[in-house]
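Using the sequences and the hints given, assemble the complete structure.
Residue numbers (this note's numbering): 1 to 719.
Hint data in this document are derived by calculation from the structure and do not stem from the laboratory. Fair warning: there could be bad hints in the mix.
[To be verified] Simulated DEER-style distance windows between Cβ atoms:
#1 Gly585 to Gly66: 52 to 60 angstroms
#2 Glu534 to Glu357: 31 to 39 angstroms
#3 Gln446 to Thr675: 44 to 52 angstroms
#4 Phe555 to Thr190: 30 to 38 angstroms
#5 Val373 to Thr190: 41 to 49 angstroms
#6 Asp130 to Arg89: 48 to 56 angstroms
#7 Asp130 to Glu435: 15 to 23 angstroms
#8 Val373 to Arg148: 54 to 62 angstroms
#9 His184 to Arg148: 35 to 43 angstroms
#10 Ser163 to Asp198: 23 to 31 angstroms
#11 Ser163 to Lys339: 32 to 40 angstroms
#12 His184 to Arg670: 21 to 29 angstroms
[Claimed, not checked] Below, a list of computed lysine-lysine pairs in the BS3-like style, where the Cα atoms sit at most 30 angstroms apart:
#13 Lys438 to Lys178
#14 Lys237 to Lys417
#15 Lys207 to Lys369
#16 Lys417 to Lys128
#17 Lys308 to Lys261
#18 Lys207 to Lys478
#19 Lys600 to Lys429
#20 Lys478 to Lys438
#21 Lys438 to Lys417
Computed from a predicted structure; not experimentally measured. For each residue, glycine too, the CB sits at the ideal point set by N, CA and C.
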Amino acid sequence: RPIPRPIPARYRIHSVDVNATVRDQIASVQIAQVFQNTGSRTLEARLLFPLPEDAAIDRLTLIVDGKELPGRLMKKAEARRIYESIVRRQQDPALLEYMGQGLFQTRVFPIPPGARRRVEIRYSQLLKKDNGLVDLHLPTGTVKHSHRPIDTLNISVRIDSSSPIKTVFSPSHDVDIKRPDDHHAHGKLTLKNVFSPDDLRMFYGTKDGLVGMNLVSYRPDPKQDGYFLLLASPEVKLKKAKAVPKTVVFVIDRSGSMNGKKIEQAREALKYLVGRLGPRDTFNIVAYDTQVESFRPELQRVNDRSQKAALGFVDGLFAGGSTNIAGALTTALGMLVDKKRPNYVLFLTDGLPTVGERNEVQIAANARKANRVGARMYSFGVGFDVNSRLLDRLSRDHRGQSVYVRPNEDIEVQISKLYDRIGAPLLTKLAVNFEFDKAVRAGDPQPITRAYPRELTDLFRGEQLIWVGRYRKSGRVKVTLTGENGGDRRSFSFATSLADRSRDESHGFVEKLWALRRIGEIIDELDLNGTNQELVDELVRLSIAHGVMTPYTSFLADEDVNLAARDNTNRARVTATRKLAQASGESGFVQRRIKGRLQKASSVPAGGGGGGFAAGRFGNSGSDPTADRAVAGGSPHVVRPTVRNIGQKSFFLKERLWRDSTVTAEQEKRAIRITQYSRQYFDLAAAHRGTLAKYLAFNGPVLVNLDGKTYRIESPAGK
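Dropping the structure here:
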């Protein structure tokens, strides 16, 4: 009679909690995983924990439901046999990324039907330090390869340092970082219903003084321009300098469309802002509908009397009338006369201009003419009826940014969140200079190019400057940041080096981060200045190389689209021209919000989901990753992903084959064919270890370039 087939083990991962405490480069890590047996039989479980490559691990302990459980610490050769046997037996290549790493394996422990088991791994590790940055890598372990989503993933990091902490930065996730003082930092990340979570990467740097700076460079090919990331962070507690006195003018829309909850939230936001002004600040409020009304004819010094009167003015704001945007902006900008202090305009609207000048280009031109002091403008667009292109134009012209608030979002929360960031300027009118040991000769091209943001923002207390760009010249370099503080010009310098050729991909995130911001800048140019074929060509090229699917290149993810087709740029140009013509409405709103997220990207999202680096994924934690993408014309929820970003490569699914975007038609003809799970396959994975073996971890055929050779991995016969 037939042999009964084994019943597959059924379990789910209820939660993963990762807690790390770092004290002067020593990390104590605890990873707790709660497993639940969802089957009808007792599950015999054994946990595998791959050890981070080249990590100095000490005192590794495993605890199951509060009891310490013995385990075996395996060296790389023995661990390789374990990894291979699991991959071969389960016909699942996911564990290949751990080839070349050690392994901690527990003995079997039972999980009864319906029961949960809490498994904890505790270890200590000496963290690496490079170019002044301590590198913390927190693995999620093999749970990332679970075939079901994890209900909740919580990561908490506490950094305690005897030296003042300046830089704290995560290139892998949008971590909520708090800085209670100069010697402590806390980072938190919570993800719900997450599938295949990436390991968390976090850097921090320490330095005495008002401002600390660090530079990370990446250059995989010495024949091509490299990539750099400059981080600059001020003291948290300002001991040697006080926050610079500033001038703020709040411009608030009180037209009829603001009636109801919107005007109530705007009033509460204004009260919050007035209450947060510093004792040496000056301010005013401009409210507009058909007419323009100011709180006072001129700027007011902050004191109890002026603040109390301003709160009374705010309480008297009610919605009604039309929308005179042009009049409100020229009135607000005309009040600003002192070039020596930083000037900020916070401008809020929920509609189109309906009174006075209505042409967006002319409104922007009038505002530029009225801005005689170089004020920065922060524009808030509320709801879908705003002219989002006008807001972006104003923010770009006046070196600020646009914030778009959905109809169901709280205006007060969004405005207060921004003001909390910019409320205490420390250095203004920033400039960065690179001075190489070997002087740049006259006539040579500029050594630093295409750096973003194009216009450096002011440096605020508790904030961090993140500046990415390309470099042509490598070697030792002195980096100097200059800025104004209270009328005095201050400068901060440090010596570092730009890599001639990177040893590995550990800093590859710098290239990805640059690509995200460059794509945002290209879209901004197309949006504000019209279609340019060279820019469209670059947009398509970067989208393919980095797997970044924008509303204008999302068609590249379709399985029947040839990535090498000449028509791709024409299709992208037509799509961009048509979509960017939508200056208002939900589509226009979403497109500008996506563009802004790309321009301000500070982390590189995981690339295993639908649509690769889907544009809708950028922004704060908790934002809807698919809502923006669907409306903007990108791909909404994709059941079967067709773009994957793994390490430094992007793969597109074409005709049931995962194609490395760098493989040319000629290389494909010469590809070495290897059968998945064969001896040759495992030898190839072992030869390239985890760094490159991860590019083989596909359930299905894959075409990939590795170390100058092209391989086509075929599925075994019968699959």
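Status of the hints after comparison with the structure:
1. Gly585 to Gly66: 52 to 60 angstroms: holds (57 angstroms)
2. Glu534 to Glu357: 31 to 39 angstroms: holds (33 angstroms)
3. Gln446 to Thr675: 44 to 52 angstroms: holds (50 angstroms)
4. Phe555 to Thr190: 30 to 38 angstroms: holds (34 angstroms)
5. Val373 to Thr190: 41 to 49 angstroms: holds (42 angstroms)
6. Asp130 to Arg89: 48 to 56 angstroms: Hint violated: Cβ distance 39 angstroms, outside 48 to 56 angstroms.
7. Asp130 to Glu435: 15 to 23 angstroms: holds (22 angstroms)
8. Val373 to Arg148: 54 to 62 angstroms: This hint holds: roughly 57 angstroms between Cβ atoms.
9. His184 to Arg148: 35 to 43 angstroms: Hint holds: Cβ distance 37 angstroms, inside 35 to 43 angstroms.
10. Ser163 to Asp198: 23 to 31 angstroms: For Asp198 against Ser163, whose Cβ atoms are near 29 angstroms apart, the range 23 to 31 angstroms holds.
11. Ser163 to Lys339: 32 to 40 angstroms: 38 angstroms Cβ-Cβ, so the 32 to 40 angstroms window holds.
12. His184 to Arg670: 21 to 29 angstroms: violated (56 angstroms)
13. Lys438 to Lys178: Not satisfied, since the Cα-Cα distance of roughly 40 angstroms exceeds 30 angstroms.
14. Lys237 to Lys417: holds (20 angstroms)
15. Lys207 to Lys369: violated (42 angstroms)
16. Lys417 to Lys128: violated (34 angstroms)
17. Lys308 to Lys261: holds (23 angstroms)
18. Lys207 to Lys478: holds (16 angstroms)
19. Lys600 to Lys429: Given pair Lys600, Lys429 holds - Cα atoms ~19 angstroms apart, limit 30 angstroms.
20. Lys478 to Lys438: holds (11 angstroms)
21. Lys438 to Lys417: Between Lys438 and Lys417 the Cα gap is close to 44 angstroms, so the pair fails against 30 angstroms, i.e. violated.
Going down the numbered hints, you'll see the structure goes against 6, 12, 13, 15, 16 and 21, while the others check out.
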